[in-house]
Amino acid sequence: MADVVALIALIIDSAIRLSVPLLFACLAGLYSERSSIFDIGLEGKMLGAAFAAGAIAAITGSAWMGLLAAIAASSALALLHGFACITHRGNQIVSGVAINIIAAGLTAQLGASWFSQGGQTPSLPNTARFLPLEWPGAEALAGVPLIGAVYSELLSGHNILVYLAAATVPLTWWVLYRTRFGLRLRAVGENPAAVDTAGISVTWLRYRAVICCGVLCGFAGAYLSIAQSASFIKDMTAGKGFIALAALIFAKWRPVQALGACFLFGLLDAVAIRLQGVAFPLIGDVPVQFVQAVPYILTVVLLAGFVGRAIPPKAGGVPYVKER
Amino acid sequence: MAETAGSPAIRLDGISKSFGPVRANRDISLAVEKGSIHGIVGENGAGKSTLMSILYGFYQADAGSIHISGRPANIRTPQDAIAAGIGMVHQHFMLVDPFTVLENVILGAEGGLTLRQGMDQARTELIALERDYGLEVSPDATVSSLTVGQQQRVEILKALFRQADILILDEPTGVLTPAEADHLFRILGQLRDTGKTVILITHKLREIMAITDKVSVMRQGEIVDTLHTKDVSLEKLAELMVGRRVLMQVDKQTVDAGECVFEARDLTIAKAQYVRSLDKVSLRVHSGEIVGIAGVAGNGQSELLEVIGGMRSDYTGDIMMRGRTLRPAISAPDAIRANGMAHVPEDRHRMGLVMPFEASENCILGYHNEDRYQRGALLDRAAILSDAAGKLERFDVRPPNPHLPASSFSGGNQQKIVLAREFEHDPDFLAVGQPTRGVDIGAIEFIHQHLLDMRARGKAILLVSVELDEIRALADRIVVMFAGRIVGECLPSVSDAQIGALMAGLEAEPGV
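Just so you know, the protein sequences line up as chains A and B, in that order. In terms of our numbering, the first sequence opens at residue 24 and continues consecutively. In terms of our numbering, the second sequence opens at residue -10 and continues consecutively.
Keep in mind that the hints are not guaranteed to be accurate.
Claimed, not checked - So the derived list for chain B, only partly shown, Cβ under 8 Å to chain A, looks like this:
#1 Phe47
#2 Asp51
#3 His79
#4 Gly101
#5 Leu102
#6 Thr103
#7 Leu104
#8 Glu248
Stated by the list, open to error - In silico contact screen, one side only, chain A against chain B (beta carbon under 7 Å); selected entries:
#9 Pro159
#10 Arg203
#11 Ala210
#12 Ala217
Please keep in mind that the hints were generated in silico from the structure rather than gathered at the bench. Heads up, the beta-carbon is just placed ideally off N, CA and C, and yes, glycines get one too.
Please build the complete structure, drawing on both the sequences and the hints.
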């Protein structure tokens, strides 16, 4: 019994760690897409941020400087996207894809030429990383059944970015539904003309949304390279930006549901890792590749069948042209 | 710069605005009295909307000045306009569909960084406004769940909530039922009585006559006259608008109806087990005859046109051309055309035209496989262009440029393109839906004349329209539809009351 509890606690614990970057990226996408700027470039922004965090943390020796650099890099890419899509009314998908390609190429190239470690950034000492925070009494309670598992494994022992991610969910909900900015953000994604005639600048509003997106992607990237791992590795986002996008659709562009969706995808990932090398009854050994593919297959299945009709913001993907 | 008593609510001096070579507004001077309803009429493209957009800060005038209540106003953005006390109800509502009424009203005037306090305050104000002006809508209703008339009330509330003293309404009745329009006019009357100034932009002259105190007529970017409504007649207004005498009633020569060209027998569409959107509709149209189908919108007229146009095959019954039955299976639009039938669909944007396509391409849609447009395996662009140029000229499409996309023509000219395409293929039978919906008065006359010409040439025409006046003016026989059935037939000369009773489904056969 205790073994099962421990195993479940372990899987959930790992699911939390895996869903944090998804959650940051997903909420980032939420801000952008609610303002009707589709963002397929979450992946690229995360990757750019992860590289900036890894590189700057390695140079300065400070995790916080790394985080700031991540936010700056990601925001710069977000502004590039905004410049193409808002100011110049470009195609949002093309711009997003371009950002993904730029980020993938540039991080590998800069990494290789700056640090000469085959595209990696130098391995960080613990002082330059966000380390797990032990909650008071976690050690003592670890032995207590159930409560110990929940408190010591699940609540305690995460780095600060995990808690920040969790806090971002209610924050986003509050911003979206209880503030002026949120009301306007939701409105501009549905009918920008209504926002314009109400005397609000559509362009500035969308830029602010895109900046929010950049900042949150910065957190997602920093988490990957200086919290979860100890260095930037080439292509380390490995499609997480796209999974986050899938989670966003799954959550129908709502923050609390986004938390659920991201945790589900994190859980699938965690289970897949656990299942590697486990022999199933009747089936026997399942190839590692198949187990690794399970979250992605489920993503497709979930999006195809279980979401129901996901109605995106009505003005999504459409540049605003004043016409009269 | 104190407010001068008796100064007009709005004074425009020498406003001009050009878009490239097009002079949308030329030297416009206008004064709108406080506490009045001022109508602005003009054909589509006369510059009404441009003028109002300048007033609302969407555009900047190239020259001229604006005074609001005697004070010079520099209106550069909608925000400036709102601050100057101008509210606008747009033709296409500027509402956020998934939002509640309250959220729509406070958008842009939230009263703080967070919503709660402003929302509570706005709710109280909103309820007071609704009570004062008879604008009943629930503050918590979602806009998408409201009727069009209610949505318009939300737009008016938005303006009043921002303390607008001057309310501009752009074609407000285009989307309303007659009852809703009456309600709107009562509201506007009330607004005037409380000292608000209302500017009503419309091309419907009856509305001008019914509700305005003064009226300005615009033509080709200029104000040609401003008159007291009570001193002017409908005919005079129409003449000012178009710049020449307009026949409000087209001359209809008698044409002897010939043989039966088109016949529909027992057309039925079962929507659900007991619901039929078409129920045993049988009718005949003879050569040299226009049969008008009257009825309140949504009583099966659209379905009937779709069946006849070959756009649906889920019906039972027969369609016959000159005694030959067309099978449902082959009644695709292609086969319809091959049998000498033509269809002018009700919705030209959705069915009649491909909006981003050039006029020349729209002129051959559906007929593009004809030999005369081919050169080997390719389309013969030169032939198509010269063909289109001829059509545009004969149908007086303005501008007669076959390269322009359909979307850049006005509604009336778009409709003329559709008519040119269908009429010039010389069909024996024409099914025409809402030929003048959203079309300005000069073009209406032109289209009516063309329909009568086709009739004089011995064509059989089925005319579906929600404008009873139009049907009366053109049709030789009127067939009334209600709930998918033909409930009666009468001559165009019967009284409104009689047709109205049929349209409302009160099954009194009028004595024909």
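Discussion item. The hint names Gly101/B as touching chain A; please verify it with the least Cβ-Cβ distance against 8 Å.
Written reply: 7 Å, holds
Practice prompt. Using 8 Å as the Cβ threshold, decide whether His79/B counts as touching chain A.
Written response: 7 Å, holds
Worksheet item: Per the CB criterion, is Pro159/A less than 7 Å away from chain B?
Response: 34 Å, violated
Item to complete: Return the status of the interface hint for Leu104/B: holds when the least beta-carbon distance to chain A is below 8 Å, violated otherwise.
Response: At 6 Å from the nearest chain A Cβ, Leu104/B passes the 8 Å test, so the hint holds.
Practice prompt. With a cut-off of 8 Å on the beta carbons, see whether Glu248/B makes it to chain A.
Written response: Result: violated, 50 Å to nearest chain A Cβ.
Fill in: Closest C-beta approach of Asp51/B to chain A relative to 8 Å, hint status
16 Å, violated
Fill in: Restraint satisfaction for Thr103/B [CB to CB of chain A, less than 8 Å]
Since chain A brings a Cβ to about 5 Å from Thr103/B, closer than 8 Å, the hint holds.
Discussion item. Can you verify the interface hint for Phe47/B: is its Cβ closer than 8 Å to any Cβ in chain A?
Written reply: 5 Å, holds
Practice prompt. Double-check Leu102/B for me: the hint is only fine if its C-beta lies closer than 8 Å to a C-beta in chain A.
Written response: This hint holds: Leu102/B lies near chain A, its Cβ roughly 5 Å from the closest one there, short of 8 Å.
Worksheet item: Under the criterion of a CB-CB separation shorter than 7 Å, is Ala217/A in contact with chain B as hinted?
Response: 4 Å, holds
Fill in: Interface hint status, Ala210/A versus chain B (Cβ within 7 Å)
5 Å, holds
Item to complete: Under 7 Å, Cβ to Cβ, is where Arg203/A needs to be relative to chain B, so tell me if that hint holds or is violated.
Response: With a closest approach of 4 Å, the Arg203/A hint holds.
Hint check: violations occur at hints 2, 8 and 9; the rest are consistent with the structure.
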